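Visitor: Each chain is listed here by its residues.
Protein chains: 2
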Amino acid sequence: MATKNAFYAQSGGVTAVINASACGVIETARRHPEAIGTLFAGRNGIIGALTEDLIDTGRESDAAIAALRYTPSGAFGSCRYKLAGLEQNRREYERLIEVFKAHDIGYFFYNGGGDSADTCLKVSQLSEETGLSIRAIHVPKTVDNDLPVTDNCPGFGSVAKYVAVSTREASFDVRSMAKTSTKVFVLEVMGRHAGWIAAAGALASDADTPLPIAILFPEIPFEQDRFLAMVDSLVKEHGYCTVVVSEGVRDTDGTFLADQGLKDAFGHAQLGGVAPVVADIVREGLGLKYHWAVADYLQRSARHIASRTDVEQAYAMGKAAVEFALAGRNSVMPTIVRKSSQPYVWEVGSVALSEVANVEKMMPREYITRDGFGITEACREYLAPLIQGEDYPPYRAGLPAYITLKNEPVEKKLPDFKLP
Amino acid sequence: MATKNAFYAQSGGVTAVINASACGVIETARRHPEAIGTLFAGRNGIIGALTEDLIDTGRESDAAIAALRYTPSGAFGSCRYKLAGLEQNRREYERLIEVFKAHDIGYFFYNGGGDSADTCLKVSQLSEETGLSIRAIHVPKTVDNDLPVTDNCPGFGSVAKYVAVSTREASFDVRSMAKTSTKVFVLEVMGRHAGWIAAAGALASDADTPLPIAILFPEIPFEQDRFLAMVDSLVKEHGYCTVVVSEGVRDTDGTFLADQGLKDAFGHAQLGGVAPVVADIVREGLGLKYHWAVADYLQRSARHIASRTDVEQAYAMGKAAVEFALAGRNSVMPTIVRKSSQPYVWEVGSVALSEVANVEKMMPREYITRDGFGITEACREYLAPLIQGEDYPPYRAGLPAYITLKNEPVEKKLPDFKLP
Chain A
0 MATKNAFYAQ
10 SGGVTAVINA
20 SACGVIETAR
30 RHPEAIGTLF
40 AGRNGIIGAL
50 TEDLIDTGRE
60 SDAAIAALRY
70 TPSGAFGSCR
80 YKLAGLEQNR
90 REYERLIEVF
100 KAHDIGYFFY
110 NGGGDSADTC
120 LKVSQLSEET
130 GLSIRAIHVP
140 KTVDNDLPVT
150 DNCPGFGSVA
160 KYVAVSTREA
170 SFDVRSMAKT
180 STKVFVLEVM
190 GRHAGWIAAA
200 GALASDADTP
210 LPIAILFPEI
220 PFEQDRFLAM
230 VDSLVKEHGY
240 CTVVVSEGVR
250 DTDGTFLADQ
260 GLKDAFGHAQ
270 LGGVAPVVAD
280 IVREGLGLKY
290 HWAVADYLQR
300 SARHIASRTD
310 VEQAYAMGKA
320 AVEFALAGRN
330 SVMPTIVRKS
340 SQPYVWEVGS
350 VALSEVANVE
360 KMMPREYITR
370 DGFGITEACR
380 EYLAPLIQGE
390 DYPPYRAGLP
400 AYITLKNEPV
410 EKKLPDFKLP
Chain B
0 MATKNAFYAQ
10 SGGVTAVINA
20 SACGVIETAR
30 RHPEAIGTLF
40 AGRNGIIGAL
50 TEDLIDTGRE
60 SDAAIAALRY
70 TPSGAFGSCR
80 YKLAGLEQNR
90 REYERLIEVF
100 KAHDIGYFFY
110 NGGGDSADTC
120 LKVSQLSEET
130 GLSIRAIHVP
140 KTVDNDLPVT
150 DNCPGFGSVA
160 KYVAVSTREA
170 SFDVRSMAKT
180 STKVFVLEVM
190 GRHAGWIAAA
200 GALASDADTP
210 LPIAILFPEI
220 PFEQDRFLAM
230 VDSLVKEHGY
240 CTVVVSEGVR
250 DTDGTFLADQ
260 GLKDAFGHAQ
270 LGGVAPVVAD
280 IVREGLGLKY
290 HWAVADYLQR
300 SARHIASRTD
310 VEQAYAMGKA
320 AVEFALAGRN
330 SVMPTIVRKS
340 SQPYVWEVGS
350 VALSEVANVE
360 KMMPREYITR
370 DGFGITEACR
380 EYLAPLIQGE
390 DYPPYRAGLP
400 AYITLKNEPV
410 EKKLPDFKLP
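Chains as they are written, first to last, in numbering that gives the first Met the number 0: chain A, 0 to 419; chain B, 0 to 419.
Bear in mind the hints are in silico, worked out from the structure with no lab data behind them.
Treat the hints with care, since some could be wrong.
Identical copies look the same in the list; a pair holds intra-copy or inter-copy alike.
[To be verified] Straight-line alpha carbon distances no greater than 25 Å define the calculated DSS-like cross-link-like pairs of lysine-lysine that follow:
# : residue 1 : residue 2
1 : 178       : 417
2 : 100       : 3
3 : 100       : 411
4 : 178       : 3
5 : 338       : 100
6 : 288       : 412
Predicted, not measured: the structure shown is a model, and the values here were computed from it.
Chain A with its partners taken away, still in its complex shape (with noise of 0.2 Å):
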């Protein structure tokens, strides 16, 4: 094949770590100017490609680029965008390959989710019928670790860290007041199909560190009842307890524990969390003193306690991912295979997309206590490596030295389109 250009594109929630899979592609197409021309970004994900906005990384800096690896959110934009079917939107897909072909790429690297791996999918198909034989890559990343084959996903790893990191400080904060203050502390994590992110909230109690913890996962119907009875009884044996909860906890109905019809002065419906939601069911069965807690954003952007082993994993996929194409291999993701727990080995493999588009992984009952409110063992066993290890980025001023590319605009050469 001859020389190509390339296109890579960050799709759905950033992560953490997204842009250390970017370095990991960037960084691996600079060593094969031979195979790969220029890698092109799509500014704000797929929507990039579609408007023709494509970003020139090949203006940035290596040291720009080696920065990505510690930069946390998606460096050329991202975008909630999902395109429709072949069939029923075979137009957006033909804008792709129009694009592509105008900028003559050959390399399709995408980094994302369920979602997206269909994205690409399709793409290498779509182009195999038009003759194009783009190489279509996919990236793994989510934060809700819900991809399969891969043992887990990149992204996933540091917000289960900043999960357990946090839950461990603030239970030792609660401890320190239950005395005469706060007895109950809540807090709300993301994951709302699976509980992969509330249950690395166990991790923060541990042999050396025992802490009473109780997670409400969104697998698990939420029953009022056995919930209070679980805390009352943490309360009285340790004198307070953290709750960790997913937002996408639900009643035993099936309705969103954080959609409590809530009104405002105005009768306004108001949109809540779900953190407090269960404090107050603390305080109402109670009559417990709480406190709670929205991580949100904060929990997936974290970079500055990222773990180590996340970040390398990011960065291997990401290489995977250039190497995959340069061997010639089409519509595929790099996967993380894990070879043992303890001690931790992995290796990269690889899986094909028409196997990993459009599939969510639960979590395994049986990674769930049978109360449903803690891990097993074989969770514990594992999430434990995949939290392990720091990855600090540099400080300057006393915050962390992230980096924004310059993002420079290529220059247009097919007439504009509009998104349906």
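Since the structure of chain A is provided, determine the placement of chain B on it from the hints.
Guide: What follows is chain B alone, placed relative to chain A:
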């Protein structure tokens, strides 16, 4: 003065570095066995003294005490318990003196904010009246930074660093997503009366890393129209913005913004944070997509991202307290004296407790920009040194290896005492 025992207690809301002060007190006391015998700690603060529930810190190893330097929260337990004035409440002060006498305590080190400075002063006064001559030294601590005379308070710098780092990280996240998703991120931080913590959010943006951030201070009455105009202009110019809101923001009538008279489906009052209220105002007023977070205890327990300056100052205050006592001083508090901001130079000073007790230091109006949504250069010059430097705790299995002390009780010598 013959060898006497000492008593140390932690008071009020704990911080990421109050144990660093404890470490400074205990390590310094251990270097002076000729003057200080056993150092007792109050279990759960002053309540431990009143109920004669003392902890023998002598049973803790040097390594355990050294680990306090990097362990957040109050290692001996703290409490929210304000002793009433001497006139109304002579009985409690007399009990303190009794307990101190029974355990041959000649040194009283009290680690807290304005209330505890007042208690410390009264203990000193009463001990002089009773001829016991206890040397009472106050060790400053508050996340709110509202103690007078001292240039800043240990505990504040680390919260400030957490808020500045988190605001920078979340702003990067929102910037990535703004094209198709979240455009406004709202972060709620502590500081019911003073805006010091909220002000730290503005440090996230600097000349190297400019970010569109609006601060809502408790000192500035909230005007909805002006706020929406500010958010609108930031989003129009930058595509997104971050709002850092103090929990203590009030509207022009003086009502807390967090107190919105929310009712749940059953008509019960629902106490929410201020972040969801501000987010909802943005949605209703501008129709912009938002996310919000409430940092709550995470911010004050985040030892993993503590300011090195703060840790050093917290330790220095504890050390100075013991040195003051050994030098025969009484009824004083060590202070931080700023000699220069650039470069940052500080030294230990002192102030009489009568000048500190029950005095609050508010943010000067000239530290807030005229529009009320930002900080001035003078404020930045004041704040910047306080977040400088990192001081990472050791990690074990991916988590900070914080210490939990044995906290062995001391045998009681007095009859029980009922708290009022």
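Visitor: Mind listing which of the numbered hints don't hold for this structure, in increasing order?
Guide: 4, 5, 6
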